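Go by the hints and put chains B and C onto chain A.
Chain residues, written in single-letter form:
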Amino acid sequence: MMRLDHGIERGRRIQIILDGERVDVFEGETLAAAMIEQSSAFRRDSNGMARGMFCNMGTCGECTVTLLPGGQRVRACLVPAQVGMDVTRD
Amino acid sequence: MTDHYDVAIVGGGPAGQAAALTLDDLKLKTVVIDEQPQAGGQILRQPPQSFRIPGWMEDRTYAPLVELLRRFEARTSIHWIGSHSVIGLRREPDGLFALTICSPDGLRSITAARVLIAAGCQDLAVPLPGWTLPGVYSAGGMQALLKAQRIVPGEQIVLAGTHPLQLLIAAQLVEAGGGVAAVLFSQPHGTMLKAGIRNSLRAFDRLSTAFPAVRALATLRKHGVKVLYNAPIQAICGTDRVAAVQHSGGEIACDAVGLCYGFVSQSSLPRMMSAKMRRAGPAGGWATLCDEWMQSSIQGLYVAGETTGVAGANAALASGNIAGFGIGAELGAISRDEAARRVARHRANRRSLLRFARLLDEIADPRPFFPALRDDTLVCRCEDVAFAQIGPVLDGRSANAVKLVTRCGMGLCQGRNCEPTLLRLLDNPNDPGFTARFPARPVPISDLAT
Amino acid sequence: MGGGLIGCATAWRLAREGAKVTVLDSGDFGMGASGQNAGSLHFQLERRFLENGDALAEQATRTAALNRLAISDWSSLEADLATNLHITMNGGLMVAETAEECALLELKIARENAEGLRTRMIDGHEARQIAPYLSEAICAAGYSPDEGHADARLVTHAIAIAADKTGALLRPRCRVQSIRRVCREYVVRTAAEQFAASQILIACGAWTAHVAAMLNLHVPLFPVGLLMNATERVAQVVPHLVQHVGRRLSMKQTHSGNLLIGGGWPSRMALDAEGRFTLYRPPAVIEASLRGNLRVAIDVAPMVATINLVRSWTGITAISADQLPIVGEIPAMPGCWVAGGGSAFTLGPTFARLIAQSMSGTKCEELEIVAPSRFAHLNSFMGQ
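Protein chains in written order, with our numbering: chain A, 1442 to 1531; chain B, 34 to 483; chain C, 2 to 385.
Simulated from the structure, these hints should not be mistaken for lab results.
Source: prediction; values computed, not measured.
Relax, there's no trap hidden among the hints.
Not close to chain B: a few residues of chain C, all C-beta gaps over 10 Å, as computed:
| no. | residue |
| --- | --- |
| 1 | GLY19 |
| 2 | ARG49 |
| 3 | GLU79 |
| 4 | LEU82 |
| 5 | THR99 |
| 6 | ARG119 |
| 7 | HIS126 |
| 8 | SER136 |
| 9 | ALA210 |
| 10 | GLY247 |
| 11 | PRO267 |
| 12 | ALA322 |
| 13 | GLN358 |
| 14 | SER381 |
A partial selection of chain A residues facing chain C, derived with a Cβ cut-off under 7 Å:
| no. | residue |
| --- | --- |
| 15 | GLY1512 |
| 16 | GLN1513 |
| 17 | ARG1514 |
Just so it is clear, CB atoms sit at the ideal spot from N, CA and C, and this is done for glycine as well.
The shape of chain A in the complex, shown without the other chains (with noise of 0.2 Å):
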């Protein structure tokens, strides 16, 4: 996972709460990206293997991640990341 550094000033960093990690991410990043930049892996399928994103664009639906305390279910590749958001990949 690499994001580019080069050619590109990305908004401020934040903070958000990532599996109960703080992590630090660019505001306005797709949670997708932030999470990809942790670790491919999103989660785990009904047979014990790891999983990760796979469209990018809404579609799919593997990206998706449970935000707290609210417990909605976002697709993670749609949604900005904003500053206190606490998101648990299970």
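Same frame as chain A, but now just chains B and C:
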């Protein structure tokens, strides 16, 4: 609260933008709805507004599209609703269309006298052993990460499939500083060339469209990226993430894979309306049938861009213009004769672009190269339905019947990924595919409850 | 005729006894209401029987004997078929939120107990002990220890396989074109074949009346479009069947983790070019039904609020003129049997077993309450 418009356009890509500008010129109250926060479609998927990327999409390939996007964004009289999914579309007893749209902030309804669906396409999902490992993406998804997020999801990336777009994506990745291990074409070089030569006459006027692929090849050569032909990918290996791909000629170590076998239309909404569809080919999927004004079989429901069959962004732009004038004429904002005069050049342009699209279809035809499925290969990613579960019920029954007994197509994506594969396995040209159901995208129960 | 749950199960029972049986369906097996319903195994008196006056409630109560048989049939079905149908019978709660609904529950339970069903009234506290996901607003529930659900996707499919193995001839995608009664036989024609039978069963769900028309018979079954909803898969949290005594709700969680939410909310039947109901296009979702159904679900189990809906689907079932099923031999047409008309998933295996037994010559008193003879007057001028 319900907002009413003359025209609601689903999709803010080139087709939706072009139609909206036309309709706005005709003084019709128009709204454009898109799942992305900003307009552009997948072809010009924009970075977050908090990013500054000098030279973004400056390549001349994209110039007409960027120009269109800038005009669209400057037009404040067009109502833009970004970050919203259209989850439902129906016709009310009074003849108006009602669209149910949702975002993480909740649900809204809008009504419109006419609807244009320009919802674009998605990558054809092609199952093969290991394709569910983390690090395997649709090639379009990988490209969107680069375009809009400036993220390269690996250091040794393999692109594999049959569609020449993978050359462009690979070139964009290496130019941005990413590492591409190889580009694997399933088909032999000769097959691609032959298709190109055989069709050179009909594609002659569009050869410039093929230039980006030629330039991409030069870029890849410069960066020492291997481009292999006649090297169909057979499996992706790894335990918890991608480690290598196996192709017919050996194994290549990698940490990410982009699968690139072509594209299929997003067809949920026209199918939900029971519009007449046709099997699109050769990649599969469903194209919505339409008349010369881009009106579907459902009166008042128009379609443009990839919804009518995947043909690329420039053809989408042309069809958006045609649809805009078609709707304008139907609503009395312009005479039919004047509309016909105004669309003449768009129709001619679209015809020649469709010829080129057919050439590209032929070059990229994935059908002879679909990888062999193993018993444990998941066909339905959402419900973890393996080929072994599907094989025994491929006995002449319908796609809906296979869905019922196997759960294939019952998950979050509503079958968008697995339907083309299942229809291919069923091999019945008359199978209408899965019944399209509400909601087109998952939506929280609380948003829908009264 | 009709490759649904009843048709396949009757064929399986008959073939096991050595009868020569053929099952015909115009489409794939199990694709009508047998596969489209949400799989409830409900043994408490249905809400729909309670909202239309005492007479109907009284009459419906007399089907309790069938419910008792169904409990035992479902309990042994997986063993009989040697397959897993995700049958769970962990109990069911029919909840109440108001004093009025509690009173209705009490009456209902008294009726059921009188007929030998072991339902009992529990208060809200006990209901939440059994089912912690229930809202604080639930003040009482009728509890049936036997209720539950089965995977409607699998049941008919599995029974069809069993019927096939037992020697029944299965003909999916073979539309019946005509039925003639010749002497004491029936001749059933499809496009490619012709079958002669001493007895026939019409178990075609909402199509039953159409098929019976081929014999110049009325069967007063009317198509009804219903709505069901499936959520995404979530961790197992609802092991019961949950219903509501005063509002339309049935809710359960599948083996895979989806919550299925329904309960008799209408959908809008499609019309053909002549403006008549058509069974050949799925009914349309009625937004008010959808919203109302999901509202009840949240009111009863607040935790469903944040879960995503992934699919609302509509299906067509059949309801009889008096709401009770119509199952048995048609008096005007000996050898012609009919089965359909509501509750036919829960009662399906039982109907099939009893029809098979009756067809083999052993009369079943349990079917008398649902016999077609109560509509014999409709066929006074029909048949032949």
